[in-house]
Amino acid sequence: MPDFTIDELMVVCIARQVVDGEVLAQGLATPLVVAGYLLAQATHAPNCASASAIGQGLCFDRAPLGVARIEELWLGKSVMHVGFVAAVAELLPRFHLKEFFRPGQVDAAGNFNNIAFGESYERPRMRLPGTGGIPDVTTHSNNIYLYVPRHSRVTFVEKLDFVSGLGHSPARTRGHGARYLISDLGQFDWVNGRMRLTSYHPEVDIQRIQAKTGFELEIAPDVHETPPPTAEEVRLLREEIDPLGVRRLETLGGTARRDLLREILAIEGVL
Amino acid sequence: MASNQLMTLAEAAELIQDGMTIGLGGTTLYRRPVALVRELLRRPTPPRDLTLLCFTAGYESDLLVGAGLVKATRTCYFGLEIFGLAPMFTEAANRGAIQIIEETEASIAMGMRAKLAGVGFMPSFAWMGTDMMRLRPDIKTIQDPYSDETLVAFPAVDCDVAVIHALVADRRGNARLNKNYGVDRELAMVASSIIITAETIVDKLEADVDIPALVTNAVVHAPYGAWPTSCYPHYPVGGGELLRYIDACTSQAFDTYRSEMTAETWGYSPQIME
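Respectively, the protein sequence lines represent chains G and X. In terms of the working numbering, the first sequence opens at residue 223 and continues consecutively. In terms of the working numbering, the second sequence opens at residue 1043 and continues consecutively.
Chain G with its partners taken away, still in its complex shape:
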């Protein structure tokens, strides 16, 4: 088994959810997901296309991840650009793109919140950046996937403060609730509308996952340890897909995150 870090395991799990030939949507500031898509395209899914928020284009090609120079991937390599109005009104409804969303809060039914924390909308405990296209896509898509870089009771809650992403909800008129969730502790699916643990990552036990989840977890009968990345997957990730380590910005916090950001910007020549 090769040495790997938790961000690398998450990227590999995301890549394994990609089916060859799919159209993959990428949201704002989601490098773990982009790294997963690029890894899938470099291995078992060479016929996928990516649709990106930056540039609103369709891209069949690959380029390494970046921060300040990320447009070199999405503007330099995309084959067409439609703009956001057509992307939202035409492209997204037409192709049920596979997309990984990062919830601010998520409940057992896979409903999620990216609006604000706190009961008061006018005076929230913490305003979040906003919902982007989440209330638009999750209400009709059949391909909703979720990821949580830091699993905690702040994110996995019994009751959401606001519902902006629609899960396995009786209010649903189209589409399907979330199919899958990956966190830094394990992988999950939904059965009978409730989140269920299907695998725990190496060195993580089920009790710890339950303790960090704010609702009762269902456990799959065949729950098992998450298969580790292969040596080749780790090599591709470190050497070709994300040599700067942009993906790690999603798993780190505080000073460590800031230091890495400065390091990346220095290499990119924009510090």
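Among these hints, one or two may not hold up.
[Claimed, not checked] Looking from chain X toward chain G, a few residues come up when the C-beta cut is under 8 Å (computed):
(1) Asp-1060
(2) Asn-1136
(3) Met-1170
(4) Arg-1218
(5) Ser-1235
[Unchecked claim] Listed next, the stretches of chain X that the computed footprint assigns to chain G, with coverage defined by at least 3 CB atoms under 8 Å from CB atoms of chain G:
(6) 1079-1086
(7) 1122-1131
(8) 1151-1159
(9) 1269-1283
(10) 1303-1309
What the hints contain is simulated information worked out from the structure, not anything from laboratory work. Small disclaimer: the values here were computed from a predicted structure and weren't measured. All residues carry an ideal CB built from backbone N, CA and C; glycine is no exception.
Once you've looked at the hints, dock chain X against the given chain G.
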């Protein structure tokens, strides 16, 4: 459509008046009209009570919020992407000091399509079943007359002045963008008047125009006018400057940053990039 609409940043900035809805082109950290925003902050009397209309809002909008010029925001995302939260917006929102008109990609996109089609709304399946309708009590549903499905009727979007940064523009006001369009081409058609700032001004653009002079009211030569947001392929995101901004805000020094960035000497320095 005048044959020459070229003016200075200061002249163009005067087009923005108290209480207006202003649309800022580009998306989050990419091709934002920073030069014009900076000019608003430099005005002896900056405009007040603005409503910001942005598909996504970033550094340029956070400056306006921090300076106290913004009454309300209409955007589906207000943040600095991988750099983190937009500090002044987040702070103002948490203490209820700013009105947030909750938008999503669909409410803005369909609202623009309604405005351009000359109708009051566009229907969509977006939002159904979420809390969005509760947060936007002004928005109504409609029954599809053919299928009976209940849909959301997104109202037409209005905008007084749009400001869009272009790669190149001509004196009449034709402008060419890069391919990271955002909603700029539609915003230019929706807004009552348009200010184009551009990296380069030429006498006449012959082809491949994204915004026609028909809708333009002002053209300003503003080299590096998007920095520290990017203007692909000319310059990437000025990440170091964004970090300096965030640091200033988190140490309660927005006003110091504002003085520095409105000083003559502030701006893109090519040696930083090498």
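Taking 8 Å as the C-beta cutoff, is the stated coverage of the segment 1303-1309 of chain X by chain G satisfied by three or more residues?
Violated: only 0 residues of the segment 1303-1309 of chain X have a Cβ under 8 Å from chain G.
Taking the closest Cβ pair, is X/Asn-1136 under 8 Å from chain G?
holds, 5 Å
Restraint satisfaction for X/Asp-1060 [CB to CB of chain G, less than 8 Å]:
violated, 24 Å
Are there three or more residues in the segment 1122-1131 of chain X whose C-beta lies closer than 8 Å to some C-beta of chain G?
holds (count 6)
Against chain G, does the segment 1269-1283 of chain X show at least 3 residues with beta-carbon separation below 8 Å?
holds (count 8)
Does the segment 1079-1086 of chain X contain three or more residues whose Cβ lies closer than 8 Å to a Cβ of chain G?
Coverage by chain G is violated for the segment 1079-1086 of chain X (0 residues, Cβ < 8 Å).
Can the segment 1151-1159 of chain X be counted as covered by chain G under the rule of three residues or more with Cβ-Cβ separation shorter than 8 Å?
Since three or more residues must qualify, the claim that chain G covers the segment 1151-1159 of chain X holds, with 4 doing so at under 8 Å.
Grab the minimum C-beta distance from X/Ser-1235 to chain G and call the hint holds if it beats 8 Å, violated otherwise.
violated, 20 Å
Classify the hint on X/Arg-1218 as holds or violated, based on whether any CB of chain G lies nearer than 8 Å to its CB.
Violated - the Cβ of X/Arg-1218 stays beyond 8 Å from chain G, reaching only about 13 Å at its closest.
Minimum beta-carbon distance criterion (8 Å), X/Met-1170 to chain G
This interface hint holds because 5 Å falls under the 8 Å limit.
The earlier numbered hints that this structure contradicts are 1, 4, 5, 6, 10.
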